[in-house]
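K.L.:
Spelled out from the first residue to the last, the chains are:
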Amino acid sequence: MSAVQPRFQHTGIAFGCDYNPEQWSPEVWDEDIRLMSEAGVDLVAINIFGWSHLEPRAGEFEFGALADIIERLHRAGIRINLGTGTASAPAWLVRRHPEILPMAEDGTRRYQGGRQAWCPSSPEFRSAALRLVREVAERFGDHPALALWHVSNELGCHNALCFCPNSDAAFRYWLRRRYGNIGALNAAWGTAFWSQTYQEWSEIDTPRLTVSTRNPGQMLDFRRFSSDELLAHYRSEAEVIRSYSDAPITTNFMLTSHIDGLDYWSWADDMDVIANDHYLDHRLSDPTVELAFAADLTRGISGNEPWLLMEHSVGAVNWQPINLAKAAGQMTRNSLTHVARGADAVCFFQWRASVQGSEKYHSAMLPHAGTNAASWREVCELGEIVGSLSEVAGTRVESEVALVFSWEAWWATEEESRPSHALGYLDQVHAAYGALYALGLTVDVVAPDADFTRYKLVVAPGLHLVREQHARSLTDWVFAGGTALITFYSGTVDEDDRVWAGGYGGPFREALGVHVEEFAPVAAGTVLRLSTGATARLWSERSTATTARVEATFIDGPARDAPAITSNAWGAGQAWYLSTLLDHSDYTDLLATVSGAAGVHSAVPFRGGEGQLELVRRRGEAHSYVFIINHADAAATVEVSGLEMITGVNVQNQWQVPAGAVRVVREALA
Amino acid sequence: MSAVQPRFQHTGIAFGCDYNPEQWSPEVWDEDIRLMSEAGVDLVAINIFGWSHLEPRAGEFEFGALADIIERLHRAGIRINLGTGTASAPAWLVRRHPEILPMAEDGTRRYQGGRQAWCPSSPEFRSAALRLVREVAERFGDHPALALWHVSNELGCHNALCFCPNSDAAFRYWLRRRYGNIGALNAAWGTAFWSQTYQEWSEIDTPRLTVSTRNPGQMLDFRRFSSDELLAHYRSEAEVIRSYSDAPITTNFMLTSHIDGLDYWSWADDMDVIANDHYLDHRLSDPTVELAFAADLTRGISGNEPWLLMEHSVGAVNWQPINLAKAAGQMTRNSLTHVARGADAVCFFQWRASVQGSEKYHSAMLPHAGTNAASWREVCELGEIVGSLSEVAGTRVESEVALVFSWEAWWATEEESRPSHALGYLDQVHAAYGALYALGLTVDVVAPDADFTRYKLVVAPGLHLVREQHARSLTDWVFAGGTALITFYSGTVDEDDRVWAGGYGGPFREALGVHVEEFAPVAAGTVLRLSTGATARLWSERSTATTARVEATFIDGPARDAPAITSNAWGAGQAWYLSTLLDHSDYTDLLATVSGAAGVHSAVPFRGGEGQLELVRRRGEAHSYVFIINHADAAATVEVSGLEMITGVNVQNQWQVPAGAVRVVREALA
Amino acid sequence: MSAVQPRFQHTGIAFGCDYNPEQWSPEVWDEDIRLMSEAGVDLVAINIFGWSHLEPRAGEFEFGALADIIERLHRAGIRINLGTGTASAPAWLVRRHPEILPMAEDGTRRYQGGRQAWCPSSPEFRSAALRLVREVAERFGDHPALALWHVSNELGCHNALCFCPNSDAAFRYWLRRRYGNIGALNAAWGTAFWSQTYQEWSEIDTPRLTVSTRNPGQMLDFRRFSSDELLAHYRSEAEVIRSYSDAPITTNFMLTSHIDGLDYWSWADDMDVIANDHYLDHRLSDPTVELAFAADLTRGISGNEPWLLMEHSVGAVNWQPINLAKAAGQMTRNSLTHVARGADAVCFFQWRASVQGSEKYHSAMLPHAGTNAASWREVCELGEIVGSLSEVAGTRVESEVALVFSWEAWWATEEESRPSHALGYLDQVHAAYGALYALGLTVDVVAPDADFTRYKLVVAPGLHLVREQHARSLTDWVFAGGTALITFYSGTVDEDDRVWAGGYGGPFREALGVHVEEFAPVAAGTVLRLSTGATARLWSERSTATTARVEATFIDGPARDAPAITSNAWGAGQAWYLSTLLDHSDYTDLLATVSGAAGVHSAVPFRGGEGQLELVRRRGEAHSYVFIINHADAAATVEVSGLEMITGVNVQNQWQVPAGAVRVVREALA
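Each protein sequence line maps, in turn, to chains A, B and C.
Numbering-wise (my numbering), the first sequence opens with residue 1 and increments by one.
Numbering-wise (my numbering), the second sequence opens with residue 1 and increments by one.
Numbering-wise (my numbering), the third sequence opens with residue 1 and increments by one.
To be clear, the hints were calculated from the coordinates, so they are not data collected in a lab.
Glycine included, C-beta positions come from ideal geometry on N, C-alpha and C.
Don't take every hint at face value.
To spell it out: a stretch of chain B is covered by chain C in this simulated footprint if at least three of its residues, at any positions, have a beta carbon under 8 Å from a beta carbon of chain C; those stretches are [stated by the list, open to error]: (1) 100 to 108; (2) 178 to 191; (3) 198 to 212; (4) 215 to 224; (5) 502 to 512.
Quick list of the computed label-pair ranges, beta carbon to beta carbon [unchecked claim]: (6) G481(C) / G648(A): 53 to 63 Å; (7) D633(C) / P605(B): 51 to 61 Å; (8) D476(C) / P287(A): 40 to 50 Å; (9) D451(C) / G424(A): 56 to 66 Å; (10) E398(A) / V550(C): 42 to 52 Å.
Bound-form chain A, shown alone (with noise of 0.2 Å):
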C-alpha cells in the first residue's frame, strides 16, 4: 500500500471513452482499436459491466477475455482506465441473496433485469463484489497499461436511497455514531412534535413513506447516511485495490443537474483524481449554462486542481423524454468547456454504439451509421484539437467569484413540507450562476466552508441550511472588506434542519440588516414588479431594512412596498440580500452592479457575444490560456493577445471569434 497519495499522470490531455467490448466479436475489437488510434483515443474505460462475464458462476473466475482486450489496447498505445467490474450484479448473486435488492420507500422491491440492482447497505453484496475486486486487483494491479482504477460506476445514480431492512440497521448503527445518544437524537429531529420521541435505537427504520409527511429531521440524516453508505462502499473496493496496486483510484461522479444523491464534498478526500460524468439536459431552460456550472462544480469539488471528463455524450443520450441530437460543432464547445474549466481529460460514454439493451439510442464515437458520419467526422477533428491542447494539461483556472454550493441545503430545501414546491434549490443556483455567465465571469463554485480570501465577490443563492459557523465564515469575510450576494431563503436552517429564530435569515440577518417576518411566494404565473422596473416571480418576502440601504423594492404583490434588494454596509465590506427570483436580463443587472462593485471582471475584454460567450483563463507556469466559446449566433470580439492553438494564428489585441467557434489562445506570463 503506498504512503503518498498516487496521482493521476497522462501526457497532454486524454482523450478517450467508455468501452464494452464483450459486446463484440475480437474481430471487432481490432476494428475497434485501429479506429481508435484514428481519432486519438489514449484512454480507455473497460470492465464497468464486467461482474457476469469474469464470474460467470459464483466463485468461478474467467479472465482471458479481459486480459487480452488489455493486451491488444496496450500493444495499440490506449492506456486503461479499469473499472472494477462491481457496477451490476450477476443474475445468480441476486438469485442466491435476494435481499440484495433495493427497496423502494413504499416497501416495494426493485429487481434484476436494468442495473445497480443492490442495496447500498447489503453485506452479502459487498463481500461478493470485494471478492471480485480483490480478483481484479491481483490480476492487473500492475500492468503497465494502467492508468487509473474506475470503482464500479456512478454510484448513487439509482440506488442511492434503499429502505430495505439491512438498510434500516445500516441506518441505526450510523444514527449510534452520530448522536451517541438517543436524546441528542431526539433533540436533532424535533421528534417532540407529533408524538415522534424515540426511547431505544431499534424503533427508528428508514424514512419509509407515511400516510402524512416524515420527520425532515430524519429524512436530511437519510441522506446524509446514504451518502455516506456509498462511500464507505467506494472506500472498501479502494482498500481492497490499495493492497494490489500503486496506480491512481476514483470513481465517475454525477455532478449534472438532477443526480442529488451524494455530497460529494465529503467524497472529494477518498479520490487520487476527480472525475466526473456529464450530459446536457433538454429539460431545463439553458443545458449550457449548466453544462459550465457543472463543471465549475467539479473543479470546485476537486479543490480547483485539474479533472477528468470521465463521460460526456457525442449527441443524444437516450434517458430524457426527448433526447435531441447536438448541431454541428456543439459537441466540441461542450467538450472545451470542459478543458476550459479545468478538464484534463475528454472522455465520452461510449466507444461504439451497442445495438442491443438499454442505452442502444444513447450516441457514441462510432455511431451506428459507421465512419461514414458526420459525428465521427466531429469526433476525429475533437481529438486533433485536444491534441493540439495538451501543454494546458495541469494548468490552473482563474476566477474571482466564488458561488456556494451545498448538497445539504439542496436536501433540505426540497423537503416534503414546504412554503413553495415551485421553489428548487438547484433552480436558484443556475438562476445566480446563469446571470454571472451572461456577464463573462468566471466562477468557481465551493463549499459552505471554503475560505473565500482569494474571491472578491461571493454569491450564495438560496443557502436555505448552513451551519453557524459557515455563516459567520462568510460574513466576517464581507466584514473584513468582501462583497457578497446572499439570495432569499438562505439561512433559515441550521444543520439539523431548525429554523433559526428571530427573524428568517438567521445567522446572515446582522450583516445584512433586514429584519425578514415571513415569506410570501406567488401562485405560478404572477409577475412581481420592482421599483427598479425589474420584474420577479416565485417568492417574495415581507420584511423590512434595519441597516440595510434599500436598492429595490415590490410594487405590488403580498410583499408591496417591503424591500426587494438591499445593501449593507458591514464593517469594510457590502452584504447584498435579493429576496424574489429576478427574471434572467434583471438578474444579470444586478449581478453587473454587484460585481462591478467588488472589481471583478472578466478574463479578458469582449464585445458581443450577446451573453453566450465563454471566457475563461488556464494559468501555467510559463504561459497561461485564454479560452473563448461562442455560442451565439454572430462573432464576438475579444482582446488578448498571443498564438491561438487551435487555427495556429496569432492574434493580437481586439479580434473576432466567428459564430459557433472555439479558441484557445496562449497568452505568455509577463
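We have chain A already, so just place chains B and C on it with the hints.
P.N.:
Quick look at chains B and C alone, frame taken from chain A:
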C-alpha cells in the same frame, strides 16, 4: 357518568390556539403564557400529540410536565381544551404491533414517522389508546381549568381508508350488521354483474386495487364503514372520559375543502359541541367563498347551535403546493366570517411556530420572527375585536335559504367509472353556494333529511345519490309552496348507488316536469351557449320538458335545442332544474331570479361590494348582530342601524363599510 | 371433434348485443325479449360473466336460469352467442387460491372486486375454468339456438401482463422452448451489456420494475410470451368445447385504439370466425378515422373473410375521462363503417343499461330512460337498415392499398429508453391511415409477412422492428414493380430488437437509396418547414440520398438541408421514404402524389365530403355494394349507379349524399 349532555360553557367568544409545549423549555412556557395573555388568549388546546411524552415506554406513565403546564395556564386564567393525546402512536407501540400501520389500496403499508399512522380498526391500537385516555382522564377529569375534552385530532385526515387484514375483518362485521344476509348484500352491490356474487361473508375484503374498476356499491359501503370505524373510535375514547369527567367532549372536524373521509352528519349527535378546523385552500378558484361555505356547513352540522373554530391559520399553511401568506386584514376577515356564521370560538393552529418537524413552515400566532411582526400585531388586534364581541356568543344565525349537502352523494359522484371525471361534487356545491354568496344571501347548509319548513328556498346542487324518502320530503315541501333549484346529475342513484330508471332525476322527475334521456358531458374547454345569452360548461343533457316551462335552451353542443333551465309549477310551489354548469355571473343571475321569486332577501340591504360582501345576522334574546365583511377593493354601502361594536360608533341607515373592513352592528330587537 | 373448421352461419347480417339477464328478474326477461324482437335483434351473447351464477360454490353447479333464458330466446327466434362464463372468477375461487390474483410490475397484487382478476399462467385458474367450460359445453353444445361459442371475454384487456411467480415459471418455460439454450437467449437479449448474462434458466424472471430501465429484449419477449399465454388459455377452452360441440368458436378481440396486449396476427388461425369489440376513443384527435382503421385491421386479421362486430356502443362509454354521447346518426354511421369494411354482424354492449356495477353509465340499446328516448328509436331504425342489407353478408371488400401493421413493432417502438417518448407507434399508423382516409381510399391492413401481389401501393409507417425476410419480401415486391412508402424509424431493429447497423433503415436501406446517419427528434411544439412549403413535427433525420431523388428537404431544424422526402427507383418499382411526421394536409398531399403515381383510385369517383367521406366496395358473386358514409357537414357527390338499398331509390351517375347520411348502392356485376 352524567345523565345529561354537558355543554361547552365560556364567557364570551373564546380566543385560543393549539399549544405544543413539549417542543419548548419551561422558560419558553412562561414567556408563552405572558404573550398569550397579552394577545387575549383564553382557551388553549394541549396534549394533542402527547402520547410519546406521557407514556414513553409501554405502561410507564409520566404526567409531571403535563400537570405543570396545566397549572401554569390555569394560574394565568387560561382554560384548557385537553387532548386525549392519542392522535399519533409512539414508535414503541408500532414496533410491538406493526399490524397497526395502515395499508394502502395496493396492499403496501404506510409507516411510522409522520402522524396518524394507525388503522382505525386495529384492536391493538384501540386498546393501547384507551389505556392512555383512562390515565389522562383519571388525572385531569375534574381539573378546574378543564373547559373541554379534545379526542384525538383531525380524525381521518390521513388514515380514513385502511385496507389491512384488520380492516377486512371489521368491514365484514360491519356488513353483516348492515345486511343481515349475504343475499341482501349481493342485491345492494349489484354483484350479479361481472360474476361478483358472494356466497359467504368470509369471501369479502376491503376494496383493494383491481386490474379494472372496483364495485361501486362496495366502494360506497367502504366509505360508510370507514366513517363509522373512526366514529366508533371516537365513541370508545369518549366513553372512557365520561367515566371520569363531566366536562364536554368533542373532536375537531375537518370541514375544509378536499377532506371527504367522514360523514359528519352521522357524527354530530355524539359531540357535546361541534368543533371544526378550517384552512384556506389556494388550489380553489375562490378560497374565501369556500371558507364561508365551510362555516355554514359546520353550523349545519351543529344544528344551528354555536360551534367552535378549533383551528385555522394566521397566515400560510405548509401543505399546499404553494402556500400563500395572508394579506393584511385577511386573517381578521377570515376569523370574523367564522364568528358571523356561528362560531363562538376563534382558535388557531398553533401558538408558537415550530422550528422543527413537518409543520415548521405553518404560520402561527407567534411567528418565527417573534413579536416584531405585523402578523403578531394583527393577532393582538383580533384578540381585542373578539373580546369586544363577547355578547354575540350564544346567538343564532338567521337564514331563509337552505343548500342540501351530502357526503354519500359526494362519494357516489366520484366513483371510478362515471360520465365525466371533470365533474366533482364539491365543485358543483361551491358553484351554487358561490352564486348565493355573490348575492349577499345567508345560507344554511343542511342534510338531505332536513326539515325545510323554515326556508323560502332550497338549493340541491348535484345531489347525485338520494334516498327516496329524502327526495320525497323535498318535493313535498315544494308542493306545499316552497321553491327549489335542483341541478344536473341529482337524483341519479339511490342509497345503494342504483340508477333510478325511467329517466334521470329519479324521485325528483315528476316535480321537475322534465324527462332526461341522456347525459351529455362536454370536453374541457367547450363553452355551451344558452338561448338567454348565458354560457355554461362541463355538462348538458338531452331532455324534454314534460310539464315544465323552458326558461333557457342550449343553442349549441350535444344537447342543442334541449332545455337547459326549466321551472315547473308543482302544487303550490315551484321546482327549477338546471341541466348544466352556468358560468359564475350567469349562475348568479339565475339565483337572483329564483331567490327573488321565492321572496328571499339578504340580511340587510346593500349596494356595492361587487359580490364580495358578506352580510350575516346573528340573533340573540335582546339584540341581533349584523356582521358585514367587505372583501372588495372598494367601500360598500349597507342599510342597518345600531352600535358598530368594533369601532364603537353608532351608525344609522345607509353608511359605508370601507374596503377590506369588518363591522358588527348591534341592532335592538323590536 | 370436427375435422373441418366450423364456420359461422347466419342469415344476413346479424344484429345483436351482449345480454346479462342475471341482473334482472324473469319478468324483465320477457319484456327484454319482446323489445329485442321489436328492434330486430337476432343474435345475443349471454353467460359472459356467468361463473358465479353457474357455480356459486366450488363444484356445485346451477344451470337452471341459463337454460331458461336460452329457451326463452330460442322461442323468440333469437340465436345464442354462448359465453363460456370464465371471464371473471368467483370470489370463492380467489379465496381458495389467492395466487390466482395478478401481480403488478412492482410486485404488488391486484385484487378481487373488478373483473378479469386472474393470472393468465395460473394453473389453478385454468383448471377451475376448464371444469366450468366442460359443464357448459356438455349441456348446451348441441342446442339448436347455439350460433357461436364466445370464449371468456376481451382476453387481456386488463390482465395481459402478470409478474407473479407463476408467470415467472411460465415465462422460463416459454423461453426454453424459444431459445433451446441459454446462450441463444443471452445473444438475443444482448445481456452482455450491463452485466446481465444468465447462466441458468432459473435465474430469469418476468421483467419486474428495476431502479433503472429494463432489458428491452426481455421486455419484448415478455410481450410475446404474454400474448401466447392468453392464446394458450383460449386454446384450452376451445379444446374442451370442441369435444362437445360442432358450433364455431371465437373470442372477442379488442382492436380498439390503446389496447396493445395481444399480437392478434398469431391468434387468427385459432378462431373459427374473427370477432371484435370496438369503442370510439375521444382521447384521440380523430376517433372516427381510428374506427375505420380498426375495422380494416379486423378484416386484415380475418384474411379478408367477413367478421363480426361483437361489441360497440350506442352512445357514451364509461371508462374514458370524459365520456361523450353520440350525435344523432353517429351510431348508424359507426355501425355501417364496420359493415362497409367487412363486418357481417353489428352487435352492442349491452342490451339493457345496467343500473348497478362498474358499467352502469355505459350506454346500451335500451337506455335507463326506456323506450321513450331518441337513442332507442335510432337503434330500431338501425335494425331495419341492417335487415335491408341482408344480401351484403358474405361479400368481400376491395382494396388496392395495403398498410403494414405489427404488434412487435408497436412493442419495440415504445420501450423504456428511446429517442423520443413523444413518438408513439399507433400515432404514426393513424397519421398514415388518416391521410389515405382523407383521399377516400380503401386500405387493407396487413401483417409484415403479407403477400403484397394484389396491391398497387404499400405503406409501412414506423415499422420499427422488422424481420429480414419480411423486409426483403416488401422490397422484392417493389423491385418487381410495386410502389411503397416507408416512414421514419422503420427498419431500425430486427426481431430481437437489435439495431441494424450501417445506417438506419436496415434492410430497407438499399431499396430506399438513403443513408440515415442520425435520428433528430424535435421538442414538443417545434414545427419543421420543408422546401416544398409543407410543415412537419416530432422527428427529423440527418441523412443523405445515395441513389434516391430528393423530393423535399428540411429548411430548418436539426436536420436542415437533409432530405425529408425521397423517392427511389428500385427495379421496376418505386420506394418512397418520409423521414418526418408531416402535418395532416401535407401528409394527404404526399399520399395523393404517391397513390396517383401508383395508379390507385377510390372505390368510386366523388366530389366534396372534405376528407370525411368513406367509400368502400364489397363485392359478391352477383353484385357489388358501394358503401358511402358522409361524416361531413355538407352533401357530397358520388358517381355510382344502382339501387340504393337504404332509401330504396335507383341512383345513377353523379348524385348527392346528404350531410351525415349513409348510403349503400347495389351495382350489377359486369
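K.L.:
Next step is simple, just say for each hint if it's right about the structure.
P.N.:
Hints and how they fare:
no.: 1; hint: 100 to 108; result: holds (count 3)
no.: 2; hint: 178 to 191; result: holds (count 3)
no.: 3; hint: 198 to 212; result: holds (count 13)
no.: 4; hint: 215 to 224; result: holds (count 4)
no.: 5; hint: 502 to 512; result: holds (count 3)
no.: 6; hint: G481(C) / G648(A): 53 to 63 Å; result: 58 Å, holds
no.: 7; hint: D633(C) / P605(B): 51 to 61 Å; result: 52 Å, holds
no.: 8; hint: D476(C) / P287(A): 40 to 50 Å; result: 45 Å, holds
no.: 9; hint: D451(C) / G424(A): 56 to 66 Å; result: 57 Å, holds
no.: 10; hint: E398(A) / V550(C): 42 to 52 Å; result: 50 Å, holds
Of the numbered hints given earlier, the model fails none.
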